[in-house]
Structure formats: structure tokens, C-alpha cells
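Model the full assembly from the supplied sequences, consistent with the hints where possible.
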Amino acid sequence: MADKKVVFIAFAIEDEKQRDLLKGQSLNTKSPFEYIDMSVKEPYDKDWKERVRTRIKRSDGVIALVSKNSLKSSGQKWEIQCAKEEGKKVRGIWAYTDDRTDLEGVYTRVWTWDNIKDFIDSL
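Number 19 in my numbering belongs to position 19 of the sequence shown; there are no gaps in the numbering.
Rather than coming from a laboratory, the hints here were simulated on the basis of the structure. Incorrect hints may appear among the rest.
[As the list claims (entries may be wrong)] Restricting the straight-line Cα-Cα distance to at most 20 Å, the calculated cross-link-like pairs of lysine-lysine (PhoX-like) are:
#1 K84 with K17
#2 K89 with K49
#3 K88 with K17
#4 K72 with K17
#5 K49 with K84
#6 K89 with K4
#7 K57 with K77
[Said to hold, decoys possible] Label pairs and their computed distance ranges (CB to CB):
#8 D3 with G87: 15 to 21 Å
#9 K23 with D121: 18 to 24 Å
#10 E16 with V110: 18 to 24 Å
#11 T101 with D3: 28 to 34 Å
Glycine included, C-beta positions come from ideal geometry on N, C-alpha and C.
Spelled out as C-alpha cells, the structure:
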């Protein structure tokens with residue numbers, strides 16, 4: 001069995017249920033990735049940013065769950081910027097079938113197992 005990839009999930013707190021669905025997929029025994037949950041209610045805390053940066057550094061890549069909520073989520077935007085600063089690949093996955101929000105600088109694909117697997121395989 002190949003080593004699992006460690007994937008950081010960046011999401012707006014309003015999309016927590018979608019994050020939980022992604023976590024459910026990651027618990028599938030054939031899943032090629034581990035999941036890191038850093039959801040915090042107060043994204044402005046300095047210690048939070050240090051903890052997130054440490055976890056992003058340990059990750060192989062970052063999946064951003066993209067929705068209209070992403071546009072106003074300063075925490076998620078910071079996580080994506082941090083990932084880029086740390087040289088991590090970032091892939092956007094649209095959190096909802098009826099929401100095709102464009103998040104500047106994030107290549108976003110439809111949420112399918114193949115799209116997630118292809119990104120993880122590229123890490």
C-alpha cells in the first residue's frame with residue numbers, strides 16, 4: 001500500500017457540513033489521504049496562525065472547499081495564502097453543486113472522487 005498523503009482542508013466555517021462530508025470520504029478504507037482538521041472559531045488569534053502554518057508545512061497539499069462563503073472568510077483566505085507561501089499545491093473543490101464561485105488564484109474543480117484522487121496523486 002502506498003503511503004497516505006496528508007491533506008490540509010481549508011474551508012469557510014459556514015461550510016463545516018461539507019468539510020464533514022469530505023472527512024467521511026477520507027475515512028473510506030481506500031482513501032489515499034489523511035485529513036487534518038484545523039477548524040477554529042477565532043481565526044485572528046496569533047497562536048492559531050502559528051498552529052495552522054505548522055500543520056500546512058507538514059501537509060503534502062491543501063484542498064480548499066470553495067463556495068460563496070469563501071469570498072468573506074478571512075481565515076480560509078489566510079490558509080490558502082499560507083499554503084502558497086509554504087510552496088504547497090492548492091486545489092479548490094466546489095463545496096456545492098449549485099455554487100461555482102471563482103476564488104482568485106485557486107484552480108477549482110467539481111467535487112468528484114476522481115478529481116480529489118487525481119489531485120492527491122499529483123502530490
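Hints the structure fails to honour: Per hint list: 1, 3 violated.
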